[in-house]
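Peer 1: Residue numbers (numbering that gives the first Met the number 0), protein chains in the order written: chain A, 0 to 357; chain B, 0 to 357.
Think of the hints as simulated: they come from the structure by calculation, not from any bench. One or more of the hints may lead you astray.
It does not matter which identical chain is used: a pair holds within one copy or between any two.
To be verified - Taking lysine-lysine pairs in the DSS-like style, the calculated list, with each CA pair at most 30 Å apart, reads:
#1 354 with 11
#2 11 with 146
#3 210 with 146
#4 210 with 11
Number of protein chains: 2
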Amino acid sequence: MWPDRRLMELFKIEHPIVLGPMAGAVDADLVIEVCEAGGLGSLPVAMLNEQQMRDQVAKIRDCTAKPFNVNFFCHTPPVPNNAREHAWRERLKPYYQELGIDPGAPVPSSNRTPFDVALCAAVEELRPPVVSFHFGLPEAALVKRVKDAGCLVLSSATTVKEARWLEANGCDAIIAQGAEAGGHRGMFLTDDLASQVGTFALVPQVVDAVKVPVIAAGAISDARGIAAALALGAAGVQIGTAYMFCPESKILPPHRAALKQSRDDETVITNVMTGRPARGIVNRVMREVGPITAIAPEFPLAGGALAPLHAKAQSQGSGDFSSMWSGQAGALGCEMPARQLTRALAEGAQTLLRKMAG
Amino acid sequence: MWPDRRLMELFKIEHPIVLGPMAGAVDADLVIEVCEAGGLGSLPVAMLNEQQMRDQVAKIRDCTAKPFNVNFFCHTPPVPNNAREHAWRERLKPYYQELGIDPGAPVPSSNRTPFDVALCAAVEELRPPVVSFHFGLPEAALVKRVKDAGCLVLSSATTVKEARWLEANGCDAIIAQGAEAGGHRGMFLTDDLASQVGTFALVPQVVDAVKVPVIAAGAISDARGIAAALALGAAGVQIGTAYMFCPESKILPPHRAALKQSRDDETVITNVMTGRPARGIVNRVMREVGPITAIAPEFPLAGGALAPLHAKAQSQGSGDFSSMWSGQAGALGCEMPARQLTRALAEGAQTLLRKMAG
Chain A
0 MWPDRRLMEL FKIEHPIVLG PMAGAVDADL VIEVCEAGGL GSLPVAMLNE
50 QQMRDQVAKI RDCTAKPFNV NFFCHTPPVP NNAREHAWRE RLKPYYQELG
100 IDPGAPVPSS NRTPFDVALC AAVEELRPPV VSFHFGLPEA ALVKRVKDAG
150 CLVLSSATTV KEARWLEANG CDAIIAQGAE AGGHRGMFLT DDLASQVGTF
200 ALVPQVVDAV KVPVIAAGAI SDARGIAAAL ALGAAGVQIG TAYMFCPESK
250 ILPPHRAALK QSRDDETVIT NVMTGRPARG IVNRVMREVG PITAIAPEFP
300 LAGGALAPLH AKAQSQGSGD FSSMWSGQAG ALGCEMPARQ LTRALAEGAQ
350 TLLRKMAG
Chain B
0 MWPDRRLMEL FKIEHPIVLG PMAGAVDADL VIEVCEAGGL GSLPVAMLNE
50 QQMRDQVAKI RDCTAKPFNV NFFCHTPPVP NNAREHAWRE RLKPYYQELG
100 IDPGAPVPSS NRTPFDVALC AAVEELRPPV VSFHFGLPEA ALVKRVKDAG
150 CLVLSSATTV KEARWLEANG CDAIIAQGAE AGGHRGMFLT DDLASQVGTF
200 ALVPQVVDAV KVPVIAAGAI SDARGIAAAL ALGAAGVQIG TAYMFCPESK
250 ILPPHRAALK QSRDDETVIT NVMTGRPARG IVNRVMREVG PITAIAPEFP
300 LAGGALAPLH AKAQSQGSGD FSSMWSGQAG ALGCEMPARQ LTRALAEGAQ
350 TLLRKMAG
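Pulled out of the complex, with its shape left as it was, chain A reads as follows (with noise of 0.2 Å):
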């Protein structure tokens, strides 16, 4: 009873909802769930290496035998500059001092992962029937690639600009993710934040810029936000914050106890977390040296200097100096499991449209 089938078409799903590929707070386990369910499970890459992508698939197919996403950040790696990354840690010293951690150790490595011609090989041997990317797409040789290899492509655009990018890049579908959107912004053409479009502007502007389905996200926390999306003209939408809910996200428990108390004005965009603009619920490292800072080393490397805080903090119960993404519809979220939540939004959604024709 879905007014528009062309995602479910194109997918082979049963209803027109993609899980947000959270990295960090979905593996394997909430994947599952949501393919059981008739959604779109994605399955976020950019924290993982690629014996643990390479497990988490088998661990996927070896629990359900519908089609699932595989999501991979395709950021350029960063240049090091050690003046930057200097000042950044010296400016994160009083916070190192505070928690008794010496300021001195080295830095860890921050751990997202671009997509590569080792992960591409991986994707051809594995071919998962679906394929999204964040921060545009890898280079045309590996997209092609991926494309032979049968596997659908996504990606995001923050912009009708970017839509029409992609489009022309070989995607399969457009998500265009509005600035109310939690985690990282996909801007892959611009970096001005202040012109930014919010999902009820991007959405229909994207659908009348391209042929391809396009996939709704940002804010989209119930059914009246499906309902909304599909009134807008996508073909369905890609649903994050409100799955963090779920028991078999990984979230930390500041995160969880964040999320639970989350209001519509306490999220912001930031570049202090990772280096990238990201939405998240205000922290105390955000509030002080943020949001957005010029001295924040390029992503990711920003996290770097920033995971010791974070493991000490969190490990005292305090989301301070973690990364506790969400979008703006936080608030709409309810702890549910994961396969009952997907079930409640899509039948939500489709008598909410029943009632509204009046």
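Given the coordinates of chain A, assemble chain B onto it according to the supplied hints.
Peer 2: Same frame as chain A, now just chain B:
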């Protein structure tokens, strides 16, 4: 055939569409056409004096028997700050020199009038069916007088907290103004732009927080937007930018030309034009001085020193120094008479809602 009739019953209108009260763009001509088509026309008074308001209201009543809305700004008048006003003129001096205007000439006073006792007395006499405010509400005694005169009272909320405050202080309906909206942000309990909430996130959270009907605003420019806003739980919509395309709108030629070419990512929120955050199409002074600057005088004084630049540049066909307010969905607008546009929006949304039922 609208699914939710609360707003139609409250305002005694046919369609849940409120004209955005855009000072400088809207006068009785546009109000009358929207009212006659079954929506709620809104007359902005912020740039009128009392007599002009009386003339406009008389004209509306001469031409339509339908209900209408009169809108007031209710900011606190600015505290003059000679040092800041001087610094502002110094910052703009190179533009004066470039355009051949004497930088030493007296700065015109800026013409945004807050609601006051005199205007309140006029409202009590004129008794418009609806009175809406921007920037919160006037002092409680004045709100009481407006309500005692039989007028319904509206105001805009940019956060759930503001919506709760407006309900507690007597609003009969609340406009949920998402961050995509054009013109001045209605924000009044916060000055934190970083945490302003997008339409898609704000509307359902405000709907959940208050009992009065919610009117969605921000990036609603076509039938899809109306259907989506209703799906999010709004009882109706307020539409501004799309009505600026109408021949009845009084925007200046550079503004009209910019709107016709507008893209999703060409507006920003700026305080350069008036001293208070407002969303508009990026022009030269916003790009070179802003979009946000600490040296802009308090609202509305920043506009004073810009006025001669605006007048001169505008007479030469340039919007370099003009407020060209627009939401983020200006590209969805199309030029047609306001009566026809209102009917097309209403019919389009109802048709879409029926189609969405699957």
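Peer 1: If a hint holds in the structure, say so; if it doesn't, say that too.
Peer 2: Quick rundown of the hints versus the structure:
{"no.": "1", "hint": "354 with 11", "verdict": "both (27 Å within a copy, 23 Å between copies)"}
{"no.": "2", "hint": "11 with 146", "verdict": "within (17 Å within a copy, 57 Å between copies)"}
{"no.": "3", "hint": "210 with 146", "verdict": "within (18 Å within a copy, 51 Å between copies)"}
{"no.": "4", "hint": "210 with 11", "verdict": "within (19 Å within a copy, 41 Å between copies)"}
Of the numbered hints listed earlier, not one is contradicted by the structure.
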